[in-house]
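Asker: All chains, please: the whole structure from these sequences, using the hints.
Chain by chain, the residues:
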Amino acid sequence: MSEPSSLPTGAPTSGAPVGPDLADLLRASARGDQVAFAQLYDATAARVHGMALRVVRDPAQAEEVTQEAYLEIWRTAARFDPSRGSALSWLLTLTHRKAVDRVRSAEAASRRDTTYHQQNQPIDHDVTAEQANASLEARRVRGALASLTAVQREAVELAYFGGYTHTEVATMLQLPVGTAKTRIRDGLIRLRDAMGVGQ
Amino acid sequence: MNDVHALSGAYAVDALDDIERAQFERHLVECAECRAEVDSLREGAAMLADVAPVAPPAALRDRILAEVATVRPLPPQVVEVRPRRRRFPALVAAAAAVVTLGVGAPIAYQALSSDTPSVDVSATERVLRAADTEKYVQRFDDGSKATVYRSKALGQAVIVTEGMADPGEGKVYELWLDHDGEMVAAGFMPKGPDNTVLLSGDAAAAEGVGITVEPEGGSDEPNLETAVVFAFDA
Numbered sequence: 001m002s003e004p005s006s007l008p009t010g011a012p013t014s015g016a017p018v019g020p021d022l023a024d025l026l027r028a029s030a031r032g033d034q035v036a037f038a039q040l041y042d043a044t045a046a047r048v049h050g051m052a053l054r055v056v057r058d059p060a061q062a063e064e065v066t067q068e069a070y071l072e073i074w075r076t077a078a079r080f081d082p083s084r085g086s087a088l089s090w091l092l093t094l095t096h097r098k099a100v101d102r103v104r105s106a107e108a109a110s111r112r113d114t115t116y117h118q119q120n121q122p123i124d125h126d127v128t129a130e131q132a133n134a135s136l137e138a139r140r141v142r143g144a145l146a147s148l149t150a151v152q153r154e155a156v157e158l159a160y161f162g163g164y165t166h167t168e169v170a171t172m173l174q175l176p177v178g179t180a181k182t183r184i185r186d187g188l189i190r191l192r193d194a195m196g197v198g199q
Numbered sequence: 200m201n202d203v204h205a206l207s208g209a210y211a212v213d214a215l216d217d218i219e220r221a222q223f224e225r226h227l228v229e230c231a232e233c234r235a236e237v238d239s240l241r242e243g244a245a246m247l248a249d250v251a252p253v254a255p256p257a258a259l260r261d262r263i264l265a266e267v268a269t270v271r272p273l274p275p276q277v278v279e280v281r282p283r284r285r286r287f288p289a290l291v292a293a294a295a296a297v298v299t300l301g302v303g304a305p306i307a308y309q310a311l312s313s314d315t316p317s318v319d320v321s322a323t324e325r326v327l328r329a330a331d332t333e334k335y336v337q338r339f340d341d342g343s344k345a346t347v348y349r350s351k352a353l354g355q356a357v358i359v360t361e362g363m364a365d366p367g368e369g370k371v372y373e374l375w376l377d378h379d380g381e382m383v384a385a386g387f388m389p390k391g392p393d394n395t396v397l398l399s400g401d402a403a404a405a406e407g408v409g410i411t412v413e414p415e416g417g418s419d420e421p422n423l424e425t426a427v428v429f430a431f432d433a
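First to last, the sequence lines map onto chains A and B. Here this note's numbering is used: the first residue of the first sequence is 1, the next is one more, and so on. Here this note's numbering is used: the first residue of the second sequence is 200, the next is one more, and so on.
These are computed hints drawn from the structure, not numbers from a lab. A quick note: this is a predicted structure, and the numbers were derived from the prediction, not measured. Cβ atoms here follow ideal geometry from the backbone N, Cα and C, with glycine treated the same way. Be aware that one or more of the hints could be misleading.
Negatives, chain B to chain A, calculated, CB over 10 Å [what the hints assert, rightly or not]: (1) S207; (2) E219; (3) S239; (4) S321; (5) R325; (6) D340; (7) D393; (8) D419.
Covered stretches of chain A (in silico footprint by chain B; criterion: 3 or more residues with CB under 8 Å from a CB of chain B, positions within the stretch not fixed) [unchecked claim]: (9) 23-36; (10) 50-61; (11) 66-78; (12) 137-147; (13) 181-190.
Answerer: Structure, rendered in structure tokens:
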């Protein structure tokens, strides 16, 4: 342990990795190292779970998504390719897909029972800033989000946290379909550039 | 193609429907620029998770770590040929087999043949349309194409071939499901270039689908020399 003793010992929520490198932990996990995997979990669980919860809303289902995601992370750790991106991005991409699959299949199931409840359902536009915690990293992300135009941010949030397709986002925001996908892409490009990642 | 390209952002945050996703993934195979863009946008999107971290209950950590202890991590996707364990060769090795399949096949484009063999349409359709269906495409040098669709939720996979060459006199294309290196026979392709076949067996637990050329009636073990493999994303 090379961490300064003054660091809080609770589950880290800051994006700045203090302990071992996540990619190293992932590689060790691929070799069956359960201790490394536990460290990986401790370093990332709050972000993984927070995102899952944000997308699926239901705490019990979010726990299931988080659990499924970590099991898959464990099983497929060897397939992480550092040349394509960071370990954190890999983890979150995998989790996001599971969370979105979860809401879409739940939606498909409920569509079979109730025909048009969807039309009149109020959309809960929860604002990112509401739940934002005070960590430095979150502040940095909020800063980056602020560089998006309001319409880009709305489209990105509905897609990423809402789990909606760009076509659904277009309908919700009363936009032509082509516009929503462009806003999502432009918004993500700005976010990426503002965060200085992925280039 | 510009239009397809513009879907990169929506793809990066899983905001495409199944059909668009399949289309875009087909495009990704050919477009290095889009692949790089998707990777970079995902990197940016991942930052969004920093905004609302929520520590999961401690009990979840215990459950996950306990479960992990009973699960074997998968090997990297660099698969080697290990006939002893009947493991399919890697895609790279399979490229050689593509030639085998492609020999003397002038049929690049062909309308759906009228004698398309009867398949269980409803089960097949369900796989093709399931919300979680994954799609894996391979194109061969002769212009033929094979696509595997898998729905984990349904536990089934379907293969669709277009313009496949005849396997040869007294031969048949046999289908396999890869269960942790164990090749389990999953049926045959009927004669004819264009077919849609529902694989038998549990596709949810499988790690991939293989096609091999076997003597009519099939084999107990796949002829690895001829194998074409579709490795599932885990």
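Asker: Go check the region 50-61 of chain A versus chain B for me, would you? Three or more residues, Cβ under 8 Å, otherwise it fails.
Answerer: Satisfied; 4 residues make the cut.
Asker: Per the stated criterion, does the least C-beta distance between D419(B) and chain A lie above 10 Å, as a non-interface residue requires?
Answerer: 29 Å, holds
Asker: At 10 Å, judged by beta carbons, does S207(B) keep clear of chain A as stated?
Answerer: 6 Å, violated
Asker: Hey, does D393(B) actually stay past 10 Å from chain A on C-beta?
Answerer: D393(B) is indeed farther than 10 Å from all Cβ atoms of chain A, at 30 Å.
Asker: Report holds or violated for chain B covering the region 66-78 of chain A, Cβ cut-off 8 Å, minimum 3 residues.
Answerer: Satisfied; 10 residues make the cut.
Asker: Closest CB-CB distance from R325(B) to chain A, is it above 10 Å?
Answerer: 12 Å, holds
Asker: Quick check: the region 181-190 of chain A, covered by chain B? Criterion 3+ residues, Cβ under 8 Å.
Answerer: holds (count 8)
Asker: Just to make sure I understand the rule, a stretch counts as covered if three or more of its residues have a C-beta closer than 8 Å to a C-beta of the chain. Does the region 23-36 of chain A meet that for chain B?
Answerer: Satisfied; 5 residues make the cut.
Asker: Would S321(B) pass as off the interface with chain A, using Cβ distances and a cut of 10 Å?
Answerer: Holds, since 16 Å exceeds 10 Å.
Asker: Does the no-contact call for E219(B) survive, Cβ to all of chain A over 10 Å?
Answerer: 8 Å, violated
Asker: Does the claim that S239(B) lies off the interface hold, with its Cβ farther than 10 Å from every Cβ of chain A?
Answerer: 3 Å, violated
Asker: Given that the region 137-147 of chain A was listed as covered by chain B, double-check it with a C-beta distance under 8 Å for 3 or more residues.
Answerer: Holds, because 7 residues of the region 137-147 of chain A bring their Cβ atoms closer than 8 Å to Cβ atoms of chain B.
Of the hints listed earlier, those the structure fails to meet are numbers 1, 2 and 3, in rising order.
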